[in-house]
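Asker: Heads up: the protein sequence lines correspond to chains C and Y, in order.
Going by the numbering used here, the first residue of the first sequence is number 1, and it counts up by one from there.
Going by the numbering used here, the first residue of the second sequence is number 1, and it counts up by one from there.
Keep in mind that a hint or two might mislead.
[What the hints assert, rightly or not] Using C-beta positions, here's what the derived DEER-type ranges look like:
| no. | chain 1 | residue 1 | chain 2 | residue 2 | range |
| --- | --- | --- | --- | --- | --- |
| 1 | Y | A139 | C | Q317 | 52 to 60 Å |
| 2 | C | M525 | Y | K65 | 50 to 58 Å |
| 3 | Y | L87 | C | W437 | 18 to 26 Å |
| 4 | C | R48 | Y | P101 | 24 to 32 Å |
| 5 | Y | M78 | C | S33 | 23 to 31 Å |
[Stated by the list, open to error] Only pairs whose alpha carbons sit at most 30 Å apart, straight line, appear in this in silico BS3-like list of lysine-lysine:
| no. | chain 1 | residue 1 | chain 2 | residue 2 |
| --- | --- | --- | --- | --- |
| 6 | C | K400 | Y | K38 |
| 7 | C | K400 | Y | K102 |
| 8 | Y | K38 | C | K433 |
| 9 | Y | K170 | C | K443 |
| 10 | Y | K132 | C | K400 |
| 11 | Y | K132 | Y | K38 |
| 12 | Y | K57 | C | K467 |
| 13 | Y | K132 | C | K444 |
| 14 | Y | K172 | C | K400 |
No wet-lab data here; the hints were simulated from the structure.
Note that the Cβ used here is the ideal one computed from N, Cα and C, for glycine as well.
One letter stands for each residue in the lines below.
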Amino acid sequence: MLNKLFKFYGGVKPPSNKTLSNALPIVQAPLPSRLVVPLHQSIGGMPRPVVQAGERVLKGQLIGQADGWLSAAVHAPTSGTVLEVAMHVRPHVSGLDSLCVVIEPDGQDEWIAHGPPDIATMSPADICNYLQQHGVVGLGGAGFPTHGKLTATPAVPMAELIINAAECEPYITCDDLLMRERADDIVRGIAVFRDMLKPQSVIIGVEDNKPEAIAAMRAAVDAQNEAFSVVAVPTLYPAGGAKQLIRVLTGKEVPGSMRSTADMGVQVFNVGTAYAAWRAIGHGEPLISRIVTLTGNVRQAHNVEALIGTPMNELLQLAQPHPDTDGIIMGGPMMGFLVPNESAPIVKTSNCLIAHSERLFPPKAPEMPCIRCGACARACPHELQPFELYWHARAKDFGKTQQYNIFDCIECGCCSFVCPSRIPLVQYFRFAKSEIWAREREKKAADEAKTRFEFKQFREEREKAEKAEKLAKAAAAQAAKKAAEAAAAAAAAGDAPDAPPADKAPDVAVDPAQAAKKAAIEAAMARAKAQREAAQVKNTDDLTPEQAKAMADIEARRQQAGIAEPATTTETKPE
Amino acid sequence: MDILLAIAIMALGAVVLGAALGFASIKFKVEGDPLVEKIEAILPQTQCGQCGYPGCKPYAEAIAKGECDINLCPPGGMEGVQRLADLLGREVKALEAEEKPKQVAIIDENTCIGCTLCIQACPVDAIVGAAKQMHTIIAQQCTGCELCLPPCPVECIHMEVIPETLDNWKWKFPVIEIKSAPHDSAPAKEAA
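Only chain Y is shown next, with the shape it has when bound in the complex:
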């Protein structure tokens, strides 16, 4: 009799807990993969496709699935690789391509024939213009992805490194300058 009671109690417990878990899995269901979002937050969102995926999100998804390496994003640089490695607990690898300073595309407006091909290629709609009208780039919104360069039939687009101005100037990491020590005065100073 006792054993039946014990079984009944355990069964009841199992049913209650099972119901609670089932409820929780519906109520607190996570939409999408949170890891993909975290990876995407690290990626620079240039949408350049240099990683071989059509945009940053597909690359993030591929990383999350473990399909590809974490060192395929040149605009993210070595720092991006480092942060991805920290997030995913993977080994830091050297970047596949060389790191470039941040750039912006410039259209030579005298040469532009208004073919709209670059407008179609720009992933972030940072080029304005119309058919047979001069095009120009909204520099603030250009991610420097270089996707507009190949389609241009007259090669009127080139990349320029963003110059350092007072708005984007940064304090440098303090380093100790290596200087040759003045030989004569050094001992005197030590003594003082």
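So here's chain C without its partners, still in its complex pose:
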């Protein structure tokens, strides 16, 4: 089948170095001494650990439960004992720790009971759930949970399902070998994706530097009578970028703002993902191992099938690294990074380990000033202007970098590769991106703090108002009570002394209200007096004369010393 191919803008042709590792077949890596399985291996929520230290686990047993929709489960790669669930170093540029399950293999490699599900009776939602429970994530690099990509956007009919087998990064050959050796399972996995997404056509894009893989895939497609087209795409880095491959195969340009290519009727899966999906659906096996390329400064570069959680330095020993090896690059030389801690484990997205040496990767000459030659802009596959982005990122003018669409940058490294001044452009862009994210987080936290503070103030105001209202009410009630009392007093006064007022004082008799008030005041004073008396100490009532004398003496002394006021003393004097 002949497809018309298109070109994407930019791109570079670094030396591919793939022949180093694609000559030998895939080897099963031996069981390592210890497996450190990070729980957080995919984009999305961090799976919750469901095993405890000391527990025996079987191969394929669930050890991390998916947390939320966008998350994928994690399983024990072999049978053994859980040593601990603790923080261990992750294969990440930062060299920081994350929660890992450490398993000591028992050497028996005993599987948990498993088998293929009855796929005919399963709805698409069931299959998505099944893949999530079996920990299938994108093996191309980002680690996006596969089930999250298997639902088509309802409004847009799925036009093309693209299987990304371009493998454009230099050195890496894991997908190449996977296609050569296990093409049948891959094609079955693609068929599952096809049945779920129902696209009009399925295209498998392979770079034309892998003729054996292309032949193997074509043979498998023909053998299974599928209508998938295997298309050789020109070798040009980064043809394996999702948006670039879509452009090359379909001519469709994905807008920068579009989050999911499904909105355009195109979905892209890595070829390894299709294989992992078939291992889950066709065999009931969760994703517990992957093909890893071991290459670089080694005696015997080849591909191995390694268990997730195998320490990198232990795995690299299989390729017999030369003595001058001084580090391990995870990923390719363009997008990978030198791991800060070589005992970090292999994770689901680790496709390649490159033994680093100064001979192979000579240290970069120092960075020179940007001469605005525009080579980076000609190389950028996303048609960005790296020199402008660099300028603003360096000046920490992050608003401007966003105006120049920094978030469209896929960090492919083409710009750094062509820069004649050897400026680490991608590092600047990564710095700017993470700084923008951090600022957004801070801004969000600040806004939340502000609303909480304002609410607290509002609540305090409200409480104050409520208290004032309560007090006013109480005061009003008191006043009403007093008025009632006074009225009663006045009534009493009006009842009994009808006769006396006449002779007592004709001038006062006029105002009954005033009289009532006076009576109320007197009543209150009487109450207060009674209260005071009740509260008074009453052990001075019956004293012997000696006691009385002693007290009088003391009081006299106190008066002399000026401690007590004469008034109070006289009052307390028992006379």
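Assemble chain Y onto chain C, guided by the hints.
Answerer: Frame of chain C, contents of chain Y only:
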């Protein structure tokens, strides 16, 4: 006669334009001071009162009125001062207090006597608890303002620097490492 006509035309113009301006001033009236809002957006909203004002908004208002300096906010750091200076066109000044890394308050729950004093002091309601019950801090909502430290009668609250995790890790600004050059191989490389 002509001059009267000219005066009449000018007067009419003045009346029309005056009416338009008057209408605009009512129709497009700006509520509040937009500058205060802009300043507040820069402030970190810790509500800590370290600037001497009871919260970020009063400080923003004081800055807008020109009553105080722009370098009184330690949680905002030097960067905050810089951004305020850019916004207001004022001179950048060194921060009054020293800059601290972001912190979060931690209550030692064994020592806490449940007096609720810290709950009353917290400006963002980030402490939960009740009288004679243990209190605890909602770490995500704690702004690290330290206002809960002084009221605690048993000194069971302390501040901890927020550790770097994979969630808040950031790429560093690219810097050229200074290394001692290998003396023997350097000329050879130059030649190559």
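Asker: With reference to the structure, classify each hint as holding or not holding.
Answerer: Each hint, compared with the structure:
no.	hint	in the structure
1	A139(Y) - Q317(C): 52 to 60 Å	violated (42 Å)
2	M525(C) - K65(Y): 50 to 58 Å	holds (55 Å)
3	L87(Y) - W437(C): 18 to 26 Å	holds (23 Å)
4	R48(C) - P101(Y): 24 to 32 Å	holds (30 Å)
5	M78(Y) - S33(C): 23 to 31 Å	violated (49 Å)
6	K400(C) - K38(Y)	holds (19 Å)
7	K400(C) - K102(Y)	holds (27 Å)
8	K38(Y) - K433(C)	holds (24 Å)
9	K170(Y) - K443(C)	holds (16 Å)
10	K132(Y) - K400(C)	violated (53 Å)
11	K132(Y) - K38(Y)	violated (42 Å)
12	K57(Y) - K467(C)	holds (26 Å)
13	K132(Y) - K444(C)	violated (34 Å)
14	K172(Y) - K400(C)	holds (19 Å)
Comparing the model with each numbered hint stated earlier shows that hints 1, 5, 10, 11 and 13 do not hold.
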